[in-house]
Amino acid sequence: NAGVTQTPKFQVLKTGQSMTLQCAQDMNHNSMYWYRQDPGMGLRLIYYSASEGTTDKGEVPNGYNVSRLNKREFSLRLESAAPSQTSVYFCASSSTSGILQTQYFGPGTRLLVL
Amino acid sequence: GNSVTQMEGPVTLSEEAFLTINCTYTATGYPSLFWYVQYPGEGLQLLLKATKADDKGSNKGFEATYRKETTSFHLEKGSVQVSDSAVYFCALSDRSNTGKLIFGQGTTLQVKP
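Just so you know, the sequences run in chain order A and B. Anchor point for the first sequence: position 57 equals 57 in this note's numbering, and the numbering is continuous, going up by one each time. Whatever position you read off the second sequence (first residue = 1), add 1000 for this note's numbering.
If you're looking for bench data, these hints aren't it; they were derived computationally from the structure. Heads up, a few of these hints could be off.
Taking lysine-lysine pairs in the DSSO-like style, the calculated list, with each CA pair at most 30 Å apart, reads [unchecked claim]: (1) A:K57 <-> B:K1052; (2) A:K57 <-> A:K71; (3) A:K14 <-> A:K57; (4) B:K1056 <-> B:K1068; (5) A:K9 <-> B:K1060; (6) B:K1052 <-> B:K1077.
Some but not every residue of chain B turned toward chain A, in silico, with C-beta under 8 Å [said to hold, decoys possible]: (7) Y1039; (8) G1043; (9) L1048; (10) F1089; (11) G1106; (12) L1109; (13) K1112.
Residues of chain B placed beyond 12 Å of chain A at every Cβ, according to the derived structure [what the hints assert, rightly or not]: (14) T1020; (15) N1022; (16) T1026; (17) Q1038; (18) E1042; (19) T1065; (20) T1071; (21) G1078; (22) S1085; (23) K1100; (24) L1101.
Using N, Cα and C, we set each Cβ at its ideal position, and we do this for glycine too.
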């Protein structure tokens, strides 16, 4: 049981390049999330997918797109990277049944945009 | 809208000292409340949670009580260890079907031997 996995662990991009961050979970969770973590700002929600086939914007969606490929996988795409997107990106998943709503996090992807 | 405010860090303590990290929230209705911990170089892990007023969440010697009257969920530990050095995040969930969490900014704890 690997939990939530993310690839790559670290990436350097030049301004204007594109890339896709991959996330997968093996806990049969319905909901998946993408956050970015910046110093002094906690975690901010970029996009989420409450269930397979649905995606919605979070607090900071500009410059990003997502795809819920199936129940296991949720990818985040940067079409044209900007230095302001330098951050650590975390994927998370949760079961939305009842009031538990505990989110399980991946190890993160550290992205540097030059 | 919903929000979470944590005390500013970093917090530096000596081993075996008492820890309090303050967390207050603003929310409509009755949110669930969480503390997550992030060890260096890792993702976040759930530390404890509480789902209704006066509930006490506890784990690994840490405790937090859901105080509706003061809209607070302060994290406490009686005797910290060097291994507790990490970033601690308070968060709330509005119990919608989306399961979204709103996080505070995080508080860095450094414990010195």
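Hints versus structure:
no.: 1; hint: A:K57 <-> B:K1052; result: holds (28 Å)
no.: 2; hint: A:K57 <-> A:K71; result: holds (18 Å)
no.: 3; hint: A:K14 <-> A:K57; result: holds (25 Å)
no.: 4; hint: B:K1056 <-> B:K1068; result: holds (12 Å)
no.: 5; hint: A:K9 <-> B:K1060; result: holds (29 Å)
no.: 6; hint: B:K1052 <-> B:K1077; result: holds (21 Å)
no.: 7; hint: Y1039; result: violated (11 Å)
no.: 8; hint: G1043; result: holds (4 Å)
no.: 9; hint: L1048; result: violated (10 Å)
no.: 10; hint: F1089; result: holds (6 Å)
no.: 11; hint: G1106; result: holds (5 Å)
no.: 12; hint: L1109; result: violated (15 Å)
no.: 13; hint: K1112; result: violated (22 Å)
no.: 14; hint: T1020; result: holds (19 Å)
no.: 15; hint: N1022; result: holds (15 Å)
no.: 16; hint: T1026; result: holds (15 Å)
no.: 17; hint: Q1038; result: violated (8 Å)
no.: 18; hint: E1042; result: violated (6 Å)
no.: 19; hint: T1065; result: holds (17 Å)
no.: 20; hint: T1071; result: holds (18 Å)
no.: 21; hint: G1078; result: holds (25 Å)
no.: 22; hint: S1085; result: holds (17 Å)
no.: 23; hint: K1100; result: violated (6 Å)
no.: 24; hint: L1101; result: violated (6 Å)
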